[in-house]
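Undergrad: Residue numbers (my numbering), protein chains in the order written: chain A, 1 to 298; chain B, 1001 to 1322.
Worth flagging that the hints you see were computed from the coordinates, not collected in a lab.
None of these values were measured; they are calculated from a predicted model.
It is possible that part of the hints are untrue.
Claimed, not checked - Rough simulated footprint, nothing fancy, chain A against chain B, three-plus residues with beta-carbon under 8 Å: (1) 1047-1058; (2) 1117-1123; (3) 1138-1146; (4) 1158-1164; (5) 1293-1306.
To be verified - Between beta-carbon pairs, the in silico distance windows are: (6) E191(A) - G1289(B): 57 to 63 Å; (7) D1083(B) - D83(A): 49 to 55 Å; (8) P186(A) - L1051(B): 31 to 37 Å; (9) L1185(B) - A35(A): 23 to 29 Å.
Here a beta-carbon is modelled for each residue, glycine too, at the ideal position from N, C-alpha and C.
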Amino acid sequence: MSGGTARSNTAPAPAPRARRRGLRTALGRAGQYGALLCYLVFLAFPLLWLVSSAFKSPQELGSVDPAWLPRHWSLDNFRAAFDQQPLARSALNSLLVAGTAATVSVLVAVPAAYATVRYRSPVGRATTGWVLVSQMFPFVLVIIPLFLVLKNLRLVDSLFGLILVYVVWNLPFALWMLQGYVRAVPASLEEAAAIDGCGRLRTLRSVVLPLLTPGVVATLMFSFVTAWNEFFFALVLLKSPEKQTMSVILTHFLGDEGAADLGPLAAAALLATLPSLLFFAVLQRKLVGGIAAGAVKG
Amino acid sequence: MTGTRTATGPDARTPGDRGTPPPRTIRERRSALGLDRDAWFLLLPALLPILVLSVGPLLYGLSLAFTDAQAGRTDPTRWIGVDNFADLRYDTLFWDSFRIGLVWAVCVTAIQFALALGLALLLDQNLRFRWLARTLALVPWAMPEVVIGIMWRLVYHQDAGVLNATLRDLHLITENVNWLADLSLALPAVIAVGVWAGMPQTTVVLLAGLQNVPRDLHEAAALDGAGVWRRFRAVTWPALRPVVFSITALNFIWNFNSFGLVYVLTQGGPGGETRLPTLFAYEEAFRYGQFGYAAAMGLVMIAVVAVLLTVFLRNRLTEVDR
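My request is simple: use the sequences and hints to build the entire structure.
TA: If you want it as structure tokens, here you go:
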């Protein structure tokens, strides 16, 4: 900081060069806003279309010249969606499964991530290696044996069985993500704590964990959303309609070969994203705040 | 404890020497496999479920590839060695689907990374409306795969879809295109959806990586007259590279193994043009009940992905060792 001010005091930039630089920055800014606008359009237009379809009346949906926004906002599609499928029940199922699975897998992954990063050990290396290897396995190889194992444990068509599967399925990525954050915590901080007489566990709790908060929050977010969004395991493992999670129920709206009833389909799809979005909105602020706090402290 | 230390420790003493024990170094305090009790305590809660519900079933699944396991059969399953693979060699439908899977995974991963890096760099700048882009960029991530598929089916819809309506207004097309049913357009259309769906994750991870780029180094480089590109190459990229490696490797695997998105969009159609190998194996296992043959397909898929990712894995492990 002091070096910067000293420099600008002693060596002021020549005027023409500064002007040219100013112009270039302005152009750069304009380019940046242009690019940002393109991103916004690309990201937003399918979402806008989903929302608009959900609120359109059946007549408008059938129109040959579709409009961006509904001429008459109607809630009929939502009513129809709840009538056609057990949406509320499936939403509760999804919330229970995703919440439990995310919490458990992060609770288990934080200490493990710390141990694998800070201890040089074949076990740690094997775990890290397995994390990547297990991600490479296509689900067919996973689901067939898992189905047979869970069947023997009488955990097929049970939410508990699905939670178990999600915890294990989330663990690798949770571990992987947290390892990155642990590695970013300066080892010198921990050495200082050790010199002050902190044991490993104490160091983890009072030195590493606070710095890790943004990472933990990000991982929790990721795990919840993964479990909430997961489709295939739920499709294979849950048979009875009253136990199915939301993503499975949604496919019931699709019908056969494009025969879908567009309005209720859009309405149900929109509802299925809401809890997850809410969760994200709450956590996002924490995440950004956490990163800022960590940067100041570090 | 003492026994192992004298046997394996670097300063092994003669057995008779029973003088004052030297203070144990950190290295010596560690026990089994380089982990002390604390470390085992930290690691076991994660290790046990992984062993029971991940390693075990996967090994079981691998062994199924060498059997004639079928759904709902009463005869005992027999070992048939490599017969499944011999059959698979001449299964041209499978190899077509395999090629489609590779095109899909490579295209989606590459485009996703390029777009996500651009967005992450923009979001790292102090721009107005940054919050809007940040929020919007997170939205696809929070959406279930099935919903993304449904949403894009509405966008691509031949008659009621907004894409055709917009293109018609811009006079780019005269007749409505059936995006998801056209033999040559279906795969690109599906790839676009894949990019849209996976971009946020990549952006968030890259953005988190950018937060670790030392600010003062950036300022120092700017004061020394380094341009934007130079600063990116010399300051940002080195700090970001490990993150880039991880996320690209993971993206590739995820994309190659993805299922739900294409299942909802096209179910592999038209004419198998978007039938990813995962969809192919799914049909084999759960429509025709050929568990053993499907497992063999899975094994082939792993083999190819493993070869492609050896570089990334090696990179990652050396990093862990450092």
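Undergrad: Confirm or reject each hint.
TA: Verification of the supplied hints:
no.	hint	in the structure
1	1047-1058	holds (count 9)
2	1117-1123	holds (count 3)
3	1138-1146	holds (count 9)
4	1158-1164	holds (count 4)
5	1293-1306	holds (count 9)
6	E191(A) - G1289(B): 57 to 63 Å	59 Å, holds
7	D1083(B) - D83(A): 49 to 55 Å	51 Å, holds
8	P186(A) - L1051(B): 31 to 37 Å	33 Å, holds
9	L1185(B) - A35(A): 23 to 29 Å	27 Å, holds
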